[in-house]
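With chain A held as given, fit chain B onto it using these hints.
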Amino acid sequence: MTPSFQHGRVFLLLAPRYHAVKNSLNRLAPGDGLKTVVLFLLGLGFWAFMFGVSYKVLAYFRTIEGLGDLLALRLLSMILLTFFSILVFSNIVTSLSTFYLSGELDILLSSPVQIETIYRAKFIETIVDSSWMTLIYGLPVFISYGTVFKVTAVYYFGLVLTIIPFLIIPAGFGIIVTMLLVNAFPARRAKDILVLIGLLFFVVMYILFRMLRPEKLVDPDAFPTLVQYLTAMRAPVSPLLPSNWATETLSPLLRTSRGDTWFSLLMLWSTAAASIVIGEWVCGRIYYTGWSRSQEGKRAPLSRSRAADALFRLLSLPFRRKMRAIVLKDVKLFFRDTSQWSQLFLLFALMVVYIYSFKLLPLEHAALPSFYLQNLISFLNLGLVGFVTSAVAVRFVFPAVSLEGASFWIIRAAPISIRDFLWAKFWSSLLPLLVLSEVLIILSNTLLKVTPFMMDLGIVTVFMMTFGITSLGVGLGAVFPKFKHENVAQIPTGFGGIVYMIIAMMFIGVVIVLEAWPVYRIFTVQTLGGRISLSGWAGIAVSFIMVVIVNIVALFLPMSMGMNRLKEGDI
Amino acid sequence: MIKLKNLTKLYGKLTAVDSLNLEVAQGEVFGFLGPNGAGKTTTIKMMAGLLQPTSGSAFIGGYDVQQEPLKAKLIIGFIPDRPFLYEKLTATEFMRFVSKLYDMDDAEKEISGLLALFGLKEWADELVENFSHGMKQRLVMASALLHKPQVLIVDEPMVGLDPRGARLVKDIFKDLASKGVTVFMSTHTLEIVEQMCTRVAIINKGVIIAEGSVEDLGHMARMPNSHLEPIFLKLTGGDEAVS
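Line by line, the protein sequences give chains A and B.
So the first sequence is numbered by this note's numbering: it starts at 1 and just counts up by one.
So the second sequence is numbered by this note's numbering: it starts at 1 and just counts up by one.
Hints may be right or wrong, so weigh each one.
Said to hold, decoys possible - These stretches of chain A come out as covered by chain B in the derived footprint (C-beta under 8 Å, 3 or more residues):
#, segment
1, 106–112
2, 280–292
Stated by the list, open to error - Each computed BS3-like pair below joins lysine-lysine, with the alpha-carbon atoms no more than 30 Å apart:
#, chain 1, residue 1, chain 2, residue 2
3, A, Lys22, B, Lys88
4, B, Lys136, A, Lys482
5, A, Lys484, B, Lys136
6, A, Lys22, B, Lys100
What the hints assert, rightly or not - Only part of the chain A face toward chain B is listed, based on derived beta-carbon distances under 7 Å:
#, residue
7, Leu12
8, Pro16
9, Ala20
10, Asn23
11, Ser24
12, Gly103
13, Gln295
14, Glu296
15, Ala308
Treat the hints as calculated values from the structure; they're not laboratory data.
Every residue, glycine too, gets a C-beta built ideally from N, C-alpha and C.
In isolation and in its complexed conformation, chain A is listed as follows (with noise of 0.2 Å):
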């Protein structure tokens, strides 16, 4: 047999995916239609915030006499550096799924198919699945730019030749080191050494970026800072740099500067092509062999030593036998799963940038009495310490019913009830978000040197509001299973994880609303002097008791919810 009939067949392989997008969209279950509308108007309001927030900016930048092109132009050349760096890695995390670890090479790899033609249509599987994104949230940026600077229909026809060989040469690159990584590790070890530099290189620009202090851009006082910053910024980037070329390419375009368009476009296109036949070309001799190797692969068993286990028993002594069995092996799980234990880093990164800008927050020059802002704000705090922990739970604790996945059987089939299940859940994500919460509200508090009674409010509030946050994280999240996922991060992304923030912000605000006009009398009194009556000590204590019920209803409500849902047996 010739491989003549190979030609052709890159679309083939690809059939699979558009058949199984068709026959989702053909077959919706009932309120699947909602959901569809839902995520897309979030989606679409995102948007339209990104391309409002990127006019503005632009528009700005334009008012400034001199330096307002240089400016958009070096923030154009950075947005473009940004992506290129989130698309090489992404590109690399994506091949990694799509070139070794995919269930579908089985079929493929027992088929007759060329290895070269496996390659281009995983190519166009990567570059869809790792840019899409980039490339929906980038337009309005890029848009955004060709209205303030009124362009004509030469900058998008230009842009559109741009961006393809800016999304293909991420692409080649990532895949063919891929390659080389899967060859000199098993597949799934190079997934969590990715996942986890990823993580740590995230990490590092995010406080990085923190602490240098962006707001200073927009503080008249910094201004000559600013100026020494925008002297920094005209030293050039590496003219190397597929950004640096896509920046060239459409900077004459905007008219900002003046340059070769065809040269850099030129640079593009032939990296991109090189860039797609050095791949062919390495994955025909080297990714057989790796994929080979994949199989072999065992999971990076990170968590295994004695010491571990000794200290998971004594945190799970606490919990009933049963119960106890259930907290020991979510905690081994998550230590054992690279992609969960890693996000911890993020949580460490979270709190010492939260914490810093409390510390940076210019009370001393506020107009309003230093006494009294500090106060408010540290009343403000504990809307934000409920929403960091909210937006915590939602990565961590809303997931914990759903990551029982196919083996949910177990416990439906063990003498254990759903109660003892859920509860078991409960406790075991109730104690690190207590720890997180009480740290960030004890911490920031102390930072804004607030009084004493702010101080105890905020620990109590927080408190209490966490046993709400667990709950509803629990609950919705047994309420909204997602039984069947990838990856972890599938599980907060749907629309139940979107409900659980939802319901979550309103249940914070209650508790903010309720507590807000007490707080004000005690304040007023406390600085403008005064006496508050009976009948206002009673108004003050129904605030107090109604923050206490409203905390009650969102502990038990949503486990129950959570508890009816699971019992329904549907699952």
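Just chain B now, kept in the frame of chain A:
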């Protein structure tokens, strides 16, 4: 039709398959037995071109699977023990996809015939995600026969099948063998091996410890006229563990 020559696979320091030599003639139904972790699936994966041998070769229809993979795969029908299926495709769409992988121009008649043969005609336009385990297994078998393979490599064919399904599969395999198709089958269902296989090999710790007809194996174990189960247990040392 099948020839394994010093086929070896190392997983780090562990030797999963150790210098395997085996020949299976055209039209034979060959049983490949062994305890869990003996190296059966590793051998089968190397035969199907899914795993690169550390050394040695697997020849299918005269083609070296490593040197001429496309020619070898074109005549192989492979049924894995835990097959991947596209959950969001219908049975017919999946069959069409496989037919194109094997460069079949118009396979509608064959697809319809095979779906009917495996009792899936009513489910032809249903998404695979709604299939039971046994139905998925039958769909994979139907897809493996679509391109009329000369060699059928099957890893655990009876898992998940109901008695009717198991009977159907036995009949199909016998029929294929009578038409000259070579069936290489790994299984733990010894009763099926007794009923169907012309020859059997037992692999243990990566090495073939016995090969021949069921009667031959009985003589090797000094248990003539015995059923395969006690013979298998004795040859693999499993009888001590049982007792």
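Here is how each hint holds up against the structure:
1. Counting residues of the segment 106–112 of chain A whose beta-carbon sits less than 8 Å from any beta-carbon of chain B gives 7, enough to reach three: the coverage restraint holds.
2. For the segment 280–292 of chain A, the assignment as covered by chain B holds, since 3 residues bring a beta-carbon within under 8 Å of that chain's beta-carbons and 3 suffice.
3. Taking the CA atoms of Lys22(A) and Lys88(B), the gap is near 9 Å; set against the 30 Å cutoff, the hint holds.
4. Taking the CA atoms of Lys136(B) and Lys482(A), the gap is near 22 Å; set against the 30 Å cutoff, the hint holds.
5. A threshold of 30 Å between alpha carbons decides the hint, and for Lys484(A) with Lys136(B) the separation of about 18 Å falls inside it, so the pair holds.
6. Between the alpha carbons of Lys22(A) and Lys100(B) the distance comes to roughly 19 Å, so the proposed pair stays at or under 30 Å and holds.
7. Taking 7 Å as the C-beta cut-off, the interface hint given for Leu12(A) holds, the closest approach to chain B being about 5 Å.
8. Given hint, Pro16(A) at the interface with chain B, holds; its Cβ is 5 Å from that chain's nearest Cβ, closer than 7 Å.
9. Interface hint status for Ala20(A): upheld, as the beta-carbon distance to the closest one in chain B is roughly 4 Å, under 7 Å.
10. Annotation: interface hint on Asn23(A) holds; nearest CB of chain B at approximately 5 Å, less than 7 Å.
11. Interface hint status for Ser24(A): upheld, as the beta-carbon distance to the closest one in chain B is roughly 6 Å, under 7 Å.
12. Interface restraint check: Gly103(A) against chain B, minimum CB-CB distance 4 Å, threshold 7 Å, status holds.
13. Taking 7 Å as the C-beta contact cut-off toward chain B, the hint placing Gln295(A) at the interface holds, the least distance being around 6 Å.
14. For Glu296(A), the interface hint holds, since its Cβ comes within 7 Å of a Cβ in chain B; the closest pair sits about 5 Å apart.
15. Annotation: interface hint on Ala308(A) violated; nearest CB of chain B at approximately 24 Å, more than 7 Å.
Going down the numbered hints, you'll see the structure goes against just number 15.
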